[in-house]
Amino acid sequence: MPSAVDAVQLRGIGKRFPGVIANQDVDVTIRSGTVHALIGENGAGKSTLMKILYGVQRPDDGTITIEGKGVVLKSPTEAIEAGVGMVFQHFMLADNLTVLENMVLGAEKLHGIGDGARTEIRRISDRFGFDLDPDVLVEKLGVAARQRLEIAKVLYRGARIIILDEPTAVLVPQEVEALFVNLRELTAAGNSVLFISHKLDEVLDIADDITVMRRGTTVGTADPRTATKHELAELMVGSELPSPETAESTVTETVELSLQDITLTDEFGRDLLSGLSLNIRRGEVLGIAGVEGNGQSELVETIMGMRIPTSGRIMLGDQDVTHWHTRQLREAGIGYVPEDRHRHGLLLEAPLWENRILGHQTKAPSVKGPWINRKGARQDTERIVRDYDVRAPGIDTPVRALSGGNQQKLIVGREMSGDPVLLIASHPTRGVDVGAQAAIWGHIKHARRAGLAVLLVSADLDELIGLSDTIQVILRGRFVGTFDPAQVTPQDLGAAMTGGEAA
Amino acid sequence: MSRLDVRSIGMSLLAPAIAILLSIVVTTIVIAAVGSSPGDFWSTMFEVPKPRLRVDIVNQTAMIYIAAVAAAIGFRMGLFNIGLEGQYTLASFAAASFAGAAYLSGWANVFAAIIVAMAVGAIWAGIAGVLRTTRGVSEVISTIMLNSIAITLVGYFLNNYGVKEGNSVHTKNIEPGTSVGGFAPFEDRDGEIWTLAIIAVLVGVGFWVLLNKTRFGFDLRASGQSESAALASGINPKRMILISMMLSGGVAGLIWMPAFFGGARNYGTSFQVGLGFLGIAVALLGRNRPVGMLFGALLFAFLSVKSNDLTFGTDVSPSIVQITQGVAVLAVVVTYEVVRRWRTRLEQRAVSRELAPTTEATA
Ligand SMILES: Nc1ncnc2c1ncn2[C@@H]1O[C@H](COP(=O)(O)OP(=O)(O)OP(=O)(O)O)[C@@H](O)[C@H]1O
Ligand SMILES: [Mg+2]
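These protein sequence lines map, in sequence, to chains W and U.
The first sequence begins at 5 in this note's numbering and counts up by one.
The second sequence begins at 580 in this note's numbering and counts up by one.
No lab work stands behind these hints: they were computed from the structure.
All values reported here derive from a predicted model rather than from experimental measurement.
No false leads were slipped in.
One-sided and incomplete, this derived list gives chain U residues near chain W with beta-carbon spacing under 7 Å: (1) A801; (2) Q804; (3) A808; (4) G813.
Straight-line distance between alpha carbons at most 20 Å, and here's what the computed SDA-like set of lysine to any residue pairs gives: (5) W:K449 x W:D391; (6) W:K379 x U:T793; (7) U:K792 x W:P355; (8) W:K203 x W:R229; (9) U:K817 x W:W328; (10) U:K885 x U:I636; (11) U:K629 x U:L889; (12) W:K78 x U:R920; (13) U:K792 x W:D400; (14) W:K367 x U:F795; (15) W:K372 x U:L789; (16) U:K792 x W:R378; (17) U:K792 x W:P374; (18) U:K792 x W:V371; (19) W:K367 x U:L789; (20) U:K792 x W:G380; (21) U:K792 x U:P869; (22) W:K367 x U:T793; (23) W:K372 x U:N791; (24) U:K792 x W:I376; (25) W:K372 x W:Q383; (26) U:K817 x W:Q332; (27) W:K203 x W:Q495; (28) W:K233 x W:F184; (29) U:K792 x W:G373; (30) W:K367 x U:R800; (31) W:K233 x W:E206; (32) W:K379 x U:F795; (33) U:K792 x W:P402; (34) W:K372 x U:W787; (35) U:K817 x W:I312; (36) U:K792 x W:P369; (37) U:K817 x W:H327; (38) U:K792 x W:T366; (39) W:K78 x U:R919; (40) W:K113 x W:L101.
Glycine residues also receive a C-beta, built at the ideal position from the N, C-alpha and C atoms.
Input sequences plus hints: build the corresponding full structure.
Written as structure tokens, this is what we have:
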């Protein structure tokens with residue numbers, strides 16, 4: 005129920021970083037009790053704007069008005085006092101604590117740490133359909149539940165304006181729908197939500213208002229009731245979107261990667277992966293569909309030599325690589341796009357060109373024998389920046405200063421370098437805008453024609469269906485169904501992923 | 580060199596400058612508090628050192644610098660090698676015994692003894708590495724224990740197998756042909772700068788090249804910055820820990836070699852303890868950077884050597900300079916962070932000013 009006073013008014017916001025204008029003349033109005041979507045290309049300045057509204061960063065210019073009152077936010081604490089809370093894309097929960105403990109951590113004064121807090125958590129959970137049990141350990145929760153906990157945490161602290169930075173990137177469609185139900189409950193109760201996403205369908209589905217950013221500034225608003233995906237995309241990139249090409253199958257007969265009855269057991273004897281077998285041939289993309297946390301990470305890390313399977317055999321071409329180290333595997337021509345780019349993919353404090361070397365420390369052009377080839381690495385970084393449209397002030401910039409999507413483009417570009425024979429890609433386009441997503445798909449399809457074998461793990465069903473030659477569904481560490489992407493619908497896949505009937 | 584470069588160098592000197600200033604202030608306060616005269620203290624300390632002390636300062640700088648590099652190898656990899664002290668004590672004793680036994684003569688003996696020193700240092704540090712990689716024992720704990728074991732061991736061997744002379748014991752003197760000496764920049768009575776001080780230069784250059792130019796150095800820095808990213812990039816973390824620990828210990832083995840071949844000629848009362856801890860402090864002060872540590876080593880050597888003058892000119896105890904040194908290290912750690920933040924803000928403001936009039940935004 006929108007009220008007369010706007011929840012947030014941002015006027016003329018400006019923010020500059022060395023060599024970059026992240027925000028300039030940004031105007032956004034969030035009506036009270038609505039879901040407001042913010043969209044734009046990678047590096048458009050969305051996250052920066054959110055951080056300004058949450059007091060993480062100070063704007064150089066402009067004013068912030070919250071519920072009619074002008075405010076200056078110097079820290080997240082002040083933002084929370086003003087009623088603004090934020091859920092970051094990377095969750096900030098302590099795995100070894102319970103829901104209750106995570107909730108009260110740092111907010112002990114509000115409702116204590118005992119029964120008062122428990123009651124309040126139950127109240128929030130019931131009110132908005134979060135389905136949270138205060139006494140469960142967070143490590144037991146799936147991604148979607150963790151996300152609900154993050155939102156609940158923000159509400160617990162009294163926020164009425166909730167910022168969500170790419171909340172759906174890690175969710176499968178059913179979870180997205182469930183989240184949207186929660187969000188509608190929230191707005192019905194008078195809260196306002198500011199929501200960033202690169203998935204335009206979702207934006208059209210949930211948003212009441214849409215603001216489009218381009219190159220640091222707001223270029224317009226759109227009405228979700230009338231706007232189409234294409235119009236939004238055009239507003240974002242300022243030109244027509246490249247339409248994805250349809251490609252015929254390039255699958256050959258030669259098996260590049262073969263897993264035979266792979267089982268992985270943890271230290272408590274529980275099976276993380278049980279009896280997985282698969283074959284990927286040259287020129288084939290095998291998609292893995294599944295709700296996050298069903299063994300995808302373990303599968304990928306086992307193939308990459310970061311975990312050694314308890315039993316079973318892994319063959320690369322005709323070599324047994326079951327006990328190979330990650331470096332040997334990489335030298336043999338495996339490209340690896342990790343699911344968590346900050347933890348596994350980048351040295352955040354190092355410049356772009358040094359990150360080009362990471363994971364390719366033993367291959368040209370990064371090195372010459374035991375020496376780092378500075379010139380070669382730098383030139384090749386320039387190439388990646390050009391070919392993959394990585395927006396950065398320069399190749400000497402520390403990677404931390406890049407926007408999330410641009411970090412991702414750098415990783416994909418790096419892993420596609422040097423003609424890999426096999427690409428292990430977890431969520432290769434996570435956090436990447438629609439234009440760049442199409443470009444990355446193009447690169448993968450191109451390499452596939454030249455014989456690249458790909459294992460594609462993704463939460464994005466369109467990506468899986470559009471790119472894969474075969475789709476395997478993984479559930480609790482087992483393959484529970486094989487689908488032909490030409491025939492399958494997202495609904496079928498969704499059902500199989502959650503253990504439903506369609507398998 | 581552009582204007583920005585000059586400025587950014589100036590900026591990076593700011594933190595150590597503030598730290599040194601702060602340590603001077605604290606030292607002054609302490610001296611005043613115990614009722615002595617800070618004026619006397621500083622005028623003695625800042626007096627131009629006599630030629631003999633100048634030679635000492637150079638020699639001490641060399642040894643402290645080698646120790647600092649040894650510590651920095653661990654730090655850059657995220658390892659805290661507190662065991663430098665034990666590593667170079669044991670290594671020095673082993674090298675002195677080996678050289679004294681005169682299996683070889685002349686330079687061959689010198690080189691062989693240096694190899695022995697590095698090997699013993701590396702092995703001793705390697706024990707901590709193995710404990711860490713196989714048993715998960717923190718290298719901080721194990722190296723502290725290895726320090727006491729090393730010192731006890733050396734004491735035992737020296738007492739049982741050393742040469743007794745009056746009421747002191749030492750290893751066998753090296754033959755005159757094996758002693759390397761040095762060169763005297765002033766008059767002979769002012770002493771010599773040891774020839775093997777050159778090891779410090781080699782170690783410094785080697786450290787820089789290793790870190791910035793080689794694949795191994797890249798792996799080392801990557802492991803120090805992000806263990807998880809290093810693992811995913813194919814670096815074997817256990818192997819890296821073991822190798823860098825041994826490398827650190829190997830360099831630690833060199834610490835006392837210039838003094839041994841330059842003047843001491845045996846391991847005994849002339850052995851200088853405490854260089855390992857000074858090295859750790861200087862590595863912190865110089866932020867593990869080759870040039871930064873050089874200045875740090877020079878400063879610490881200057882303070883230590885000059886403090887000897889205090890016994891004559893003032894009633895302040897020479898050990899007061901340890902407070903100065905300690906505060907400098909603490910302060911530098913803090914001020915670096917403060918200056919870094921302040922500098923980011925300043926840069927941003929500078930960019931704002933430059934970009935403000937233009938309307939074309941770049942992303
Ligand atoms: N701490 C920083 N230092 C320097 N530049 C920065 C910093 N943070 C962001 N930038 C720059 O500001 C611009 C906007 O980044 P921002 O993260 O807001 O983009 P975004 O719209 O969230 O993009 P994405 O969709 O890829 O997440 C980018 O060009 C980025 O490189
Ligand atoms: Mg972002």
